[in-house]
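**Student:** So you can see what is in the structure, the chains are spelled out below.
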Amino acid sequence: MILSILATTPIVGALILALLPRESAPHHRAKYVALGVSLITLALSLVVMAKFDQEAGGYQLTEQHEWIKVFGAYYSLGVNGIGITLILLTTILTPIVILAAFGDRLPDPKSTNAYFAWMLAVEGLAIGAFAATDVFLFYVLFEATLIPLYFLIGSFGGPNRSYAAVKFLIYNLVGGLLMLASIIGLYVVSSRQGDASFLLSDLENLDFSTTTERLLFLGFMAAFAIKAPLFPLHTWLPDAAGQATPGTSVLMVSVIDKIGTFGMIRWCLGVFPGASDWATPVVIVLAVISILYGALLAIGQDDIRRLIAFTSVSHFGFIILGIFAFTTTSLAGSTLYMFNHGLSTAALFLVTGMMIARRGSARISDFGGVQKIAPIMSGVLLVAGLSSLSLPGLAPFISEFLVLAGTFTRSIPAAAAATLGIVLAALYILIMYQRVMTGPLKEGNEGVHDLDHREMASLTPAIILIVGLGFFPQPLLNVINPAIDEVVSNVGQGDPAPRTPVQIDDSASSEGGHE
Amino acid sequence: MIAGFATVDDLPQISAPDIEYALLAPLFIIAGAAVLGVIVEAFWPRGTRFLAQVVLAVVSIVVALGDTIWVFQDLKAVEGSRLARGQVAAEGALAIDGPGVFTWGILMIFGLMSMLMFAERRLEGGLSAFTGRAADAPGSAAETEAIKLRVEHTEVFPLALFALAGMMLFATSNDLLTMFVALEVLSLPLYLLCGLARRRRLLSQEAALKYFLLGAFSSVFFLYGVALTYGFAGSFKLSDIDAAVSNRTDGENMLLAAIALMAVGLLFKVGAVPFHTWTPDVYQGAPTPVTAFMAAGTKAAAFVALLRVFFVGFGGSSWDWRPAIVAIAVITMFLGAVVSISQTDVKRMLAYSSIAHAGFLLVGFVGAYIGTGDSSRITSVSSILFYLTVYGVSSIGAFAIVTLVRDSGGETTHLSKWAGLGKKSPLLAGSFALFMLSFAGIPLTGGFIGKWTVFSAAYSGGFWWLVVIGVLVSALAAYFYVRVIVLMFFTNPVGDGPTVAVPSVLTTVVIAVAVVTTLGLGIIPGPVLDLAQHAGAFVR
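These protein sequence lines map, in sequence, to chains C and Y. Residue numbering for the first sequence follows our numbering, beginning at 1 and increasing consecutively. Residue numbering for the second sequence follows our numbering, beginning at 516 and increasing consecutively.
Keep in mind the hints are simulated off the structure, nothing from the lab. Mixed in with the good hints, there may be bad ones.
[Claimed, not checked] Capping the alpha-carbon separation at 30 Å, the derived lysine-lysine pairs in DSS-like fashion look like this:
id: 1; chain 1: C; residue 1: Lys110; chain 2: Y; residue 2: Lys591
id: 2; chain 1: C; residue 1: Lys442; chain 2: C; residue 2: Lys372
id: 3; chain 1: C; residue 1: Lys69; chain 2: Y; residue 2: Lys939
id: 4; chain 1: C; residue 1: Lys442; chain 2: Y; residue 2: Lys938
id: 5; chain 1: C; residue 1: Lys69; chain 2: C; residue 2: Lys167
id: 6; chain 1: C; residue 1: Lys167; chain 2: Y; residue 2: Lys591
id: 7; chain 1: Y; residue 1: Lys939; chain 2: C; residue 2: Lys110
id: 8; chain 1: C; residue 1: Lys110; chain 2: C; residue 2: Lys69
id: 9; chain 1: Y; residue 1: Lys591; chain 2: C; residue 2: Lys31
id: 10; chain 1: C; residue 1: Lys31; chain 2: Y; residue 2: Lys663
[Unchecked claim] Here are the in silico distance ranges between beta carbons for each label pair:
id: 11; chain 1: Y; residue 1: Trp980; chain 2: C; residue 2: Leu420; range: 38 to 46 Å
id: 12; chain 1: C; residue 1: Asp108; chain 2: Y; residue 2: Pro653; range: 40 to 48 Å
id: 13; chain 1: C; residue 1: Thr235; chain 2: Y; residue 2: Tyr745; range: 56 to 64 Å
None of the values given here were measured: they were computed from a predicted structure. Note that beta-carbon positions come from the ideal geometry of N, C-alpha and C, so glycine has one too.
Between the sequences and the hints, there should be enough to build the whole structure, so can you do that?
**Tutor:** In structure tokens, the structure reads:
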């Protein structure tokens, strides 16, 4: 029951907000209601975390009810270590985003209620998607997240918002519909082998012919690759992130896009292990291209928000690389990366969003010397930026290291090329920081005042977690690892034998903890 | 010695036809109410005639709906078949079976919702959406006088009931001659209703004329097909035709010609490409309540008749007709979706959308998956029945909203006038957006489950690649549905923007029912899906 309560709490909050009277006073009740609801959800997720038995592994806190009998669809929830990590990410980020969004200037001030209501709706649907253990339920929630995000981008973004919203929707819908075709295929295959069922546990035991499995896999992978996004299907992301409000971008990139990479682990690797193995060479190449291409384009951006979007393309490349390297190390790294990337990107989007709101421009060339008048802001930007370039001591470093370490055992060329991405990451972040913050104060930047208390309050938790997990990631890895072991054994690849007969401590994943 | 005098015994025995009145009661109720409506029209005082007609129509449909439910529950399983329920009735003229009676049920619901829209009188200042005196030339002095006298055509109610009876008959007719009669009974009142719009009467009359000419033409194709089928099979009965088709040794050409000609007639009613050209003009010109009634009702009845003819009658030669239907399905989906993108009129856009949906329905039809009995997998028939339910209710809801967005010249259907509707009237625009999302097949709406069912039927029939084409076209179609949402919510109104008329409780109820059904069928589709699945196969 606890998972259902967790997922419905934000949805109920969204409904309450929708029913509250619309007002345009500067101090909205709506904002505080939204913040309150998201904090309650956070508390509930901590309860879930406490109830979750880290040692036991498998799916826990499960609940299951028949939903649509004819389809074999169940309302079935349950979390493993991967799901609960991402649920935690979602519930941590939402209050941060909502608090940071208090100051957002909306095109229509009367629509504040709708703005926060849609945000809560995104949270609830995302939690549901991370907890669903029935592919039909997962699909419905996965696709349903499009609607609130579409309205968030289209109603509250920049001048080109409606173009960006439509592009976002169509890209994701195409992927989603291809996945729909595969789900229908699963239904047919499963009902040929007895009663139709969409439960993960039943799907894992289905027998496919090789061709069928590959075709169905492609449908799922298309949806997740667009969502994640993987080169060459990434072009919607910079447009959407460039137009959306910072809060929307965080929800989109840090939370919803994670459903894509999460889906690869749970559904692609879980249901189609053979086909996943078959597709590995292509996916790894695309992931490496994503890493390098995203980083190169990020260097070339003048719009800060687009820059961050391209850094995310690069980071998602790492995550996908780690997933399809199929080693326990790389998969654990990828899962941890999802969490850390969520935090670091959230901090980046939010702090730059505050800068952009003050300056009235998102162009890097319009900024300069901001450090002098807004030291705290520049400090936060520096920490967030350094975490994005995976500086040792900050959380993303450990996950990136694990991904690369795990990939080296599978494919040295891919890992070597991906390592270049780290160098490029240093370039795009440091160049941006240098041009925005250092040097003499540029004309037009006088109005960029430092962070106020509310903004600091919203960013502090993210920064604390980034630093804290950089030094001590083990608690999170303890949650993730049992689930990863199950995934790897399901794929049946196993970890490659070490090339040099050196006794490697099996807790290689804890290495980061000693940094 | 008494040669030349015939006794009673010598006369040929003419037994009275055996009619299952209990089974056919819903049909008789609607047809009877239509006839009664004509009498009311002749004798009831003018002052309260409108009310009397409305009450007659609504009550008869409600009673018929109740009876339909009873008939559905009472259908007996056919011996030797695990799926089919029901029986052949009225001396073989009708097949009262699961799919047929299910169609009756949804037709009653569509009819009821349409009647409420027909009866809406608040929007036109106390008059209905139909012209006061159809005989007056548009713009003439006589027309002005008719408006001043506040005369109304209350015949629209019996006409609609006749059309409804025709639809019911069409969906359950078991021989081709009955089917042809039903086709005419359903079409003729609709031709007439199309020409009765109160506003923009020339457009309306043009629509009626176009519909009539093309409709009559397509009926003749159908009739020619019936004649050739008779020539081939020697019978009008679908079961005899099935036997002849299954046991055929020659006469292939005649059979193919018959199938092709009948397909033309039926696909015309369904609105499939290349027989779709009437749809946009007629949808646009007809009074919006009539458009709603046609979009939902005709499509449902025609699709079930199409399925019945092809699955029962020509099932034995499915290898001959499936390739052609596949091609038509692809073209219909694609053309409907692409052309709607360029539409600037809401009603025309909905017309092209209905064409695209005809394509999606054909995808389910082509799968021709009839189930195996022991598996509960979705069959073609049940998927189409479910899709028709969702599509019909959502379309009626969408057209009901079209009647509310108005300016001084009546409904303003130009899309540019709809800009900013979401800011003016969030609830109404939100409802319209919901219908658009349902048409686009976004999860948590009924349209999604509908798409799911027809695609799964096609997949079960071995057409997985058609499913892939279908989902890609769905994405294309989603583009124009989303465009309407962009227009309503993200665009600033031009000038004063649209005005939203406050409807009476009738239209409000229609929209509310449509919204609840669209959402309900998206979240808990189980009960209706079970019903559709329970309807089983056609009896022969």
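**Student:** Holds or violated: are the alpha carbons of Y/Lys591 and C/Lys31 at most 30 Å from each other?
**Tutor:** The given pair, whose Cα atoms are some 60 Å apart, is violated under the 30 Å limit.
**Student:** Sort out whether C/Lys372 lies within 30 Å of C/Lys442, counting only the CA atoms.
**Tutor:** Holds, because 11 Å separates the two Cα atoms, which is no more than 30 Å.
**Student:** Could you check the hint for me, namely that C/Asp108 and Y/Pro653 are 40 to 48 Å apart, CB to CB?
**Tutor:** holds, 42 Å
**Student:** Quickly compare the C-alpha distance for C/Lys69 and C/Lys167 to 30 Å and report which way the hint goes.
**Tutor:** Not satisfied, since the Cα-Cα distance of roughly 35 Å exceeds 30 Å.
**Student:** Taking only the CA atoms, is the gap from C/Lys167 to Y/Lys591 under or equal to 30 Å?
**Tutor:** With Cα atoms ~52 Å apart, C/Lys167 and Y/Lys591 exceed 30 Å; violated.
**Student:** Is the straight-line distance between the alpha-carbon of Y/Lys939 and that of C/Lys110 30 Å or less?
**Tutor:** holds, 12 Å
**Student:** C/Lys31 and Y/Lys663 were given as a pair; does the straight-line alpha-carbon distance stay at or below 30 Å?
**Tutor:** violated, 55 Å
**Student:** How does the Cβ-Cβ distance of Y/Trp980 and C/Leu420 compare with 38 to 46 Å: does it lie in that range?
**Tutor:** At roughly 40 Å between Cβ atoms, C/Leu420 and Y/Trp980 fall inside 38 to 46 Å, so the hint holds.
**Student:** Is C/Lys110 within 30 Å of Y/Lys591, Cα to Cα?
**Tutor:** violated, 59 Å
**Student:** Within a Cα-Cα threshold of 30 Å, do C/Lys442 and Y/Lys938 meet the stated pairing?
**Tutor:** violated, 40 Å
**Student:** Taking only the CA atoms, is the gap from C/Lys69 to Y/Lys939 under or equal to 30 Å?
**Tutor:** violated, 41 Å
**Student:** Hint says 56 to 64 Å; check whether the CB-CB distance for C/Thr235 and Y/Tyr745 agrees.
**Tutor:** holds, 59 Å
Violated hints, listed in ascending order, are 1, 3, 4, 5, 6, 8, 9, 10; each of the other numbered hints is respected by the structure.
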